[in-house]
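All chains should be modelled from the sequences, with the hints used to inform the complete structure.
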Amino acid sequence: MTNIINPVVVLGGLGLLFGVLLSIASKVFVVEVDPKVEDVLNALPGANCGACGYPGCAGCAVAIAQGKAPVTACTIGGQKVAENVADIMGVNAAQMDRNVAAVLCQGDCDKAKDKYVYQGLQDCRIQATLAGGQKECSYGCLGCGSCFDVCEFNAIRMINGIAVINKENCTACNKCVEICPKKIIEMVPYDSTAIVKCKSEDPGKLVRGYCSTGCIGCQICVKNCPTEAFSFENNLARINYEKCINCLVCVEKCPTNAIDNSSIVSEEFAREFAS
Amino acid sequence: MEMSLFAIMVSTILVNNYVFARFLGICPFLGVSNKMETATGMGFAVTFVTTLASIITYIIQNTILNTLGLQYLQTIVFILVIASLVQFVELALKKISPGLYSAMGVFLPLITTNCMVLGVAILNIQEGFTLLQTTVNAVGASLGFFLALILISALREKMDIADIPEALAGFPITLIAAGLMSIAFTGFAGLV
Numbered sequence: 001m002t003n004i005i006n007p008v009v010v011l012g013g014l015g016l017l018f019g020v021l022l023s024i025a026s027k028v029f030v031v032e033v034d035p036k037v038e039d040v041l042n043a044l045p046g047a048n049c050g051a052c053g054y055p056g057c058a059g060c061a062v063a064i065a066q067g068k069a070p071v072t073a074c075t076i077g078g079q080k081v082a083e084n085v086a087d088i089m090g091v092n093a094a095q096m097d098r099n100v101a102a103v104l105c106q107g108d109c110d111k112a113k114d115k116y117v118y119q120g121l122q123d124c125r126i127q128a129t130l131a132g133g134q135k136e137c138s139y140g141c142l143g144c145g146s147c148f149d150v151c152e153f154n155a156i157r158m159i160n161g162i163a164v165i166n167k168e169n170c171t172a173c174n175k176c177v178e179i180c181p182k183k184i185i186e187m188v189p190y191d192s193t194a195i196v197k198c199k200s201e202d203p204g205k206l207v208r209g210y211c212s213t214g215c216i217g218c219q220i221c222v223k224n225c226p227t228e229a230f231s232f233e234n235n236l237a238r239i240n241y242e243k244c245i246n247c248l249v250c251v252e253k254c255p256t257n258a259i260d261n262s263s264i265v266s267e268e269f270a271r272e273f274a275s
Numbered sequence: 001m002e003m004s005l006f007a008i009m010v011s012t013i014l015v016n017n018y019v020f021a022r023f024l025g026i027c028p029f030l031g032v033s034n035k036m037e038t039a040t041g042m043g044f045a046v047t048f049v050t051t052l053a054s055i056i057t058y059i060i061q062n063t064i065l066n067t068l069g070l071q072y073l074q075t076i077v078f079i080l081v082i083a084s085l086v087q088f089v090e091l092a093l094k095k096i097s098p099g100l101y102s103a104m105g106v107f108l109p110l111i112t113t114n115c116m117v118l119g120v121a122i123l124n125i126q127e128g129f130t131l132l133q134t135t136v137n138a139v140g141a142s143l144g145f146f147l148a149l150i151l152i153s154a155l156r157e158k159m160d161i162a163d164i165p166e167a168l169a170g171f172p173i174t175l176i177a178a179g180l181m182s183i184a185f186t187g188f189a190g191l192v
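Taken in sequence, the protein lines are chains A and B. For the record, in the first sequence the residue sitting at position 211 is 211 according to the working numbering, with numbers rising by one throughout. For the record, in the second sequence the residue sitting at position 62 is 62 according to the working numbering, with numbers rising by one throughout.
Honestly, the hints are just simulated from the structure, not real lab data. Be a bit skeptical, because a hint or two may be false.
Distance condition first, Cα-Cα at most 25 Å in a straight line; then the derived DMTMM-like pairs of lysine to aspartate or glutamate [stated by the list, open to error]:
#1 A:Lys-167 <-> A:Glu-268
#2 B:Lys-95 <-> A:Glu-38
#3 B:Lys-94 <-> A:Asp-39
#4 A:Lys-205 <-> A:Glu-252
#5 A:Lys-36 <-> B:Glu-90
#6 B:Lys-95 <-> A:Glu-32
#7 A:Lys-243 <-> A:Asp-191
#8 B:Lys-94 <-> A:Asp-34
#9 B:Lys-94 <-> A:Glu-38
#10 A:Lys-253 <-> A:Glu-228
#11 B:Lys-94 <-> A:Glu-32
#12 B:Lys-95 <-> A:Asp-39
#13 A:Lys-27 <-> B:Glu-90
#14 B:Lys-95 <-> A:Asp-34
Below is the structure:
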């Protein structure tokens, strides 16, 4: 009988002993965790995309609970998540300024000239190392679709050699902004319709030579804007989205259509995203 | 003849290195050797757990198991000890040093399944060591593991930026490097 009892007692006893010791240890070494952290974490999407700038949703939840990050810190969750988080934190969620990514280049295969024919790996970062890319314009979209590859939200398509972004699908996760070697993808307010879609800082004469839709520095937009939202520096018109009232005078007046009305989408665009 | 403590130390670090000569603890050896930083963290954690586990299992073996003639319970009891110890270390570390805790991350609980910890504990008993010798052997074994981890992670950091044929890049070249390193360590044979 002891053959059975001894091992059972020893093993059970040791297990019990360690169990008791561990439970005592967990009481002794207890770490106070703010209950808000868990609530906030549950309210967040849990995608761990890192767009907020914290290491995953858990990191973001800690920062929000400690007040280091605003309740609107989660960019991909949008207004709904912000409201839930605000409830937990006991504050009012301010109307969230939704930003979306925009490709600031319209130089597709028809409008922009090439300097050589690129036949290497289909990656913008590689193409950019070869004399700045195949386009004559050293600022424009290279069209290999690196941004398309990193987009997890089905918001980017390559149409006629340049990237276009569907702002309805964009969650402002910033991945395309980071990967673009030409830095032509920027965050713009969702509500803004007039966007200067050119980044070329070359003089107007040069721009006219290689692209039919680039900013040539005529400053017509600067002169015509009723709210003085435009400024002009380094041969390029820049728009201050806070001053812009979306009157679209600039879009009408721009001789090269470098200022785009982003609320109008082309047929091809609609077809691409419908599929 | 009783081995001197120094001989045990040299033997377990170089001659009978637990990774290169006894092939124990291969999983963390390959899994967490990508970067020098994580390798160092893992090395420290394993050193701590192995040493403590060896001492506790030695005491349990000699006071409980041997007196009751329950040597066949060795494996399961030792695993119980190691698992509890790892859990305890995790709890304590979380309280005492949250920085170190988050640096080690998932590697801490992974030590539970590190066969080197169990291997050292069982071999201590098989070799008939005294408590002092057990401690020295455990420290030596962990240092040997530490050494192996540091060596391979240093190599892997270099190999990451080296121009390696596509078929070999990544894991294959790591296994080849580990094999060559193991062969190199046989050069220490006969030292003790």
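Does Glu-90 of chain B sit within 25 Å of Lys-36 of chain A, going by the straight-line distance between their CA atoms? Given pair Lys-36 of chain A, Glu-90 of chain B holds - Cα atoms ~23 Å apart, limit 25 Å.
Is it true that the CA of Lys-94 of chain B sits at most 25 Å from the CA of Asp-39 of chain A? Answer holds: Lys-94 of chain B to Asp-39 of chain A is near 21 Å, not above 25 Å.
Is Lys-205 of chain A close enough to Glu-252 of chain A, meaning Cα to Cα at most 25 Å? holds (22 Å)
Distance restraint between Lys-167 of chain A and Glu-268 of chain A, which requires alpha-carbon spacing of 25 Å or less: holds (15 Å)
CA of Lys-253 of chain A to CA of Glu-228 of chain A, is that 25 Å or under? Holds. Lys-253 of chain A to Glu-228 of chain A sits at ~15 Å (cutoff 25 Å).
Is the straight-line distance between the alpha-carbon of Lys-95 of chain B and that of Asp-39 of chain A 25 Å or less? OK: Lys-95 of chain B and Asp-39 of chain A at ~22 Å, within 25 Å.
Holds or violated: Lys-94 of chain B and Glu-38 of chain A, Cα atoms, limit 25 Å. Holds: Lys-94 of chain B and Glu-38 of chain A sit about 18 Å apart, inside 25 Å.
25 Å limit on alpha-carbon distance, applied to hinted pair Lys-27 of chain A and Glu-90 of chain B: holds (13 Å)
Compare the distance between the alpha carbons of Lys-94 of chain B and Asp-34 of chain A with 25 Å, and conclude whether the hinted pair is satisfied. Judged against 25 Å, a Cα distance of about 15 Å means the pair holds.
Run the distance test for Lys-95 of chain B versus Asp-34 of chain A: straight-line Cα separation, threshold 25 Å. Holds, at roughly 15 Å.
Given the hinted pair Lys-95 of chain B and Glu-38 of chain A, is their Cα-Cα distance within 25 Å? With a Cα-Cα distance of about 19 Å, the restraint between Lys-95 of chain B and Glu-38 of chain A holds, given a limit of 25 Å.
Is the hinted pair Lys-243 of chain A and Asp-191 of chain A satisfied, with a Cα-Cα distance of at most 25 Å? holds (12 Å)
Comparing the model with each numbered hint stated earlier shows that all of them hold.
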